[in-house]
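Chains A and B are the protein sequences, given in the same order.
According to the working numbering, the first sequence holds residues 1 to 339 in order.
According to the working numbering, the second sequence holds residues 1 to 339 in order.
Simulated from the structure, these hints should not be mistaken for lab results.
A hint or two may mislead.
A few chain B positions that, by computed beta-carbon distances, are all more than 12 Å from chain A [said to hold, decoys possible]: (1) 26; (2) 134; (3) 140; (4) 196; (5) 206; (6) 278; (7) 296; (8) 309.
Using 30 Å as the maximum straight-line C-alpha spacing, the simulated DSSO-like pairs for lysine-lysine come out as follows [what the hints assert, rightly or not]: (9) B:121 / B:30; (10) B:336 / A:30; (11) B:18 / A:18; (12) B:72 / A:72; (13) A:336 / B:18; (14) A:18 / A:30; (15) B:121 / A:121; (16) B:72 / A:30; (17) A:299 / A:121; (18) A:72 / B:30.
In this text, a Cβ means the ideal position worked out from N, Cα and C, and glycines have one as well.
2 protein chains.
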Amino acid sequence: MEESSIEESVASVVEEAKEVQDAVSAHISKSSSDEEPLRQRVRGVNSRIHSLRSSLDSLLSNKLIPPSLADKLDEDLQRARCIIVDGDASSLLPGHAQGSFLRMFLGPINVRASRKDVQLKVKEEYNSYRDRTALLFLLFPAILLILRSWVWAGCLPTFPVQMYQAWLLFLYTGLALRENILRVNGSDIRPWWIYHHYCAMIMALVSLTWDIKGQPDCAKKQRGVQLFLQWAMMQGVAMLLQNRYQRQRLYTRIALGKAKRMDVVWGETAGVDGQLWLLCPILFTLQGFEAYVGLLLLKTAVVGVVSEWQVIFCGVLLVLMAVGNFANTVQILMVKSRF
Amino acid sequence: MEESSIEESVASVVEEAKEVQDAVSAHISKSSSDEEPLRQRVRGVNSRIHSLRSSLDSLLSNKLIPPSLADKLDEDLQRARCIIVDGDASSLLPGHAQGSFLRMFLGPINVRASRKDVQLKVKEEYNSYRDRTALLFLLFPAILLILRSWVWAGCLPTFPVQMYQAWLLFLYTGLALRENILRVNGSDIRPWWIYHHYCAMIMALVSLTWDIKGQPDCAKKQRGVQLFLQWAMMQGVAMLLQNRYQRQRLYTRIALGKAKRMDVVWGETAGVDGQLWLLCPILFTLQGFEAYVGLLLLKTAVVGVVSEWQVIFCGVLLVLMAVGNFANTVQILMVKSRF
Ligand SMILES: CC(C)(COP(=O)(O)OP(=O)(O)OC[C@H]1O[C@@H](n2cnc3c(N)ncnc32)[C@H](O)[C@@H]1OP(=O)(O)O)[C@@H](O)C(=O)NCCC(=O)NCCS
Ligand SMILES: CC(C)(COP(=O)(O)OP(=O)(O)OC[C@H]1O[C@@H](n2cnc3c(N)ncnc32)[C@H](O)[C@@H]1OP(=O)(O)O)[C@@H](O)C(=O)NCCC(=O)NCCS
Chain A
1 MEESSIEESV ASVVEEAKEV QDAVSAHISK SSSDEEPLRQ RVRGVNSRIH SLRSSLDSLL
61 SNKLIPPSLA DKLDEDLQRA RCIIVDGDAS SLLPGHAQGS FLRMFLGPIN VRASRKDVQL
121 KVKEEYNSYR DRTALLFLLF PAILLILRSW VWAGCLPTFP VQMYQAWLLF LYTGLALREN
181 ILRVNGSDIR PWWIYHHYCA MIMALVSLTW DIKGQPDCAK KQRGVQLFLQ WAMMQGVAML
241 LQNRYQRQRL YTRIALGKAK RMDVVWGETA GVDGQLWLLC PILFTLQGFE AYVGLLLLKT
301 AVVGVVSEWQ VIFCGVLLVL MAVGNFANTV QILMVKSRF
Chain B
1 MEESSIEESV ASVVEEAKEV QDAVSAHISK SSSDEEPLRQ RVRGVNSRIH SLRSSLDSLL
61 SNKLIPPSLA DKLDEDLQRA RCIIVDGDAS SLLPGHAQGS FLRMFLGPIN VRASRKDVQL
121 KVKEEYNSYR DRTALLFLLF PAILLILRSW VWAGCLPTFP VQMYQAWLLF LYTGLALREN
181 ILRVNGSDIR PWWIYHHYCA MIMALVSLTW DIKGQPDCAK KQRGVQLFLQ WAMMQGVAML
241 LQNRYQRQRL YTRIALGKAK RMDVVWGETA GVDGQLWLLC PILFTLQGFE AYVGLLLLKT
301 AVVGVVSEWQ VIFCGVLLVL MAVGNFANTV QILMVKSRF
């Protein structure tokens, strides 16, 4: 290339850079100003659905409308809500604000997906992440407990247990971050399930500092660790069952999301909601076991076999988690049975 | 409300929900199809800038162009690049792909900001996060070390040290996540500085499982922990200095980003780049100290005062980090002095 031609090329590329930059700026501001009226409309429709639902409720309770008609109208309103909430329009609805947990770890970046299919993909991936971890949740402590009685002669070595606890910490952090992201993307997940994972994170962290004592007499000294591992296995069972239910629930919603555009009748969730009543006794049993493990930990600390603060702390945390889980599960059941 | 009027309202809200959903879908697909040609143009300009720069280099090395002209053209090209990279157009350039660290913790959510001002805000916030942590980095270990000699009679208690280590783990995780996010948003941060924080995360995790021995003779047994705290304080000094430099660099770039649209002459970075030569001797000293602490840790392990695997592991990691930091700092200096 020659002197004069490179001078020209450089000048033209500078010009072009300016032009393209202006074009992009114009495109961005046009696109966001086009979006504004749509945003208003979506929010308007959403609030009209809400107010119609409460009018319907009051009409029904005052017996001003026949129940069969109320059912039909309720179904229609649910369909309208589904169109707004499960379609592209949902990206224009206000999501839950980004909480301080996300801000603490990620800074002020926005994690809201603007397209509904991306949001569903995130949810899908969360479910399969949970599936994978639930299996490990069963296997990892099970292997430790089996090796303990068959190979390690009743005495857990420190290193594998600490590996496991570090893995737990990593896992719960990932779950808590993902659930926060789902919430920003419009999921209705109750805050408690997220707090539950914060508690589990703290517990994993505390258990890492827990000094695992060796011989002599380690069956007694390691009672706390052993209980902890057993509880973790139960947690794996709970997660597997819960995932099965939740995934089916998601599929039903996606299918309905497609169906509703073709005006197919609503009401297929009944099958999935029935499963809930099967799941709940198992969940309650597990929650009882969680509280029991917590109390046993407290007992070993009080009786004085193991007197570290970590044991007391984990015991209290487990009892709190069990109570919270129970209360929230009962609340969900109450809300669901009202409909 | 009456029976008939609520029927009508419900029917109309269902209709409106469908309409608004269609309008939103249409808006989204129109906006992304409008974006496509812009994306092509931005990428075209970007690659033309790159090829012109190499033509310019070869013309200059073959002495086919006077150096003063080459300087001017180089400045023009830098300005063009600045317009593309620091303006809204940059959102259409391919960023670094989202690495597996982010996918592991966050799932498949996209953390790329589409507007340049948001990207700058993220960068700003990262800098001020680092400022805040650098102060704590200095204070936290300093307080521990002071209390150790004045209050705790030469013997660090376990709990505050573990608190500190847990805080380190949390901090490094946050830094690693944020740096990954910056990279996705087009920052040129070298991968090593991110790996460096992965290493620091692992080190904090390992040090949490490190059994801090008490009396008798704890001055000797706690030598490892003490060295670790001293190194952390040095790290705080390094961060503070680095932040000062990096923030000034960012401000200069933002100012230039505004200036360049008004065609002000380029070349103000010289002042900031000069600071780099002041910063580097300090950084090298700190890196030397890092390696020294690592070697001392290895020595205490070999001599046999403290024989836990954690001490050896942290020692090796520190030496590796020091070598990597040194190599990368030297490379950056070499790249910068070429211009
Ligand atoms: C009781 C239970 C099955 C109800 O699930 P559900 O029918 O999906 O509950 P909701 O209708 O309130 O769900 C609302 C949202 O929260 C999510 N969600 C509910 N429970 C959740 C949980 N435990 N973890 C994560 N997400 C949950 C749902 O996926 C749904 O998300 P979406 O709005 O994006 O579709 C479920 O909460 C559960 O399994 N809880 C018990 C967990 C437990 O106790 N574990 C420990 C045992 S030791
Ligand atoms: C040497 C040094 C000052 C060079 O900084 P620089 O001039 O910004 O380097 P570069 O031009 O290569 O920077 C490219 C990008 O990486 C970022 N970056 C550089 N070093 C970074 C670091 N250590 N951490 C985080 N980000 C860094 C810059 O902010 C810049 O980001 P941008 O593209 O978004 O503007 C810096 O890398 C440094 O301080 N390194 C030493 C750190 C160290 O050794 N610490 C431990 C001591 S014990």
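Checking against the hints above, which ones are violated? 1, 5, 8, 10, 11, 12, 16, 17, 18
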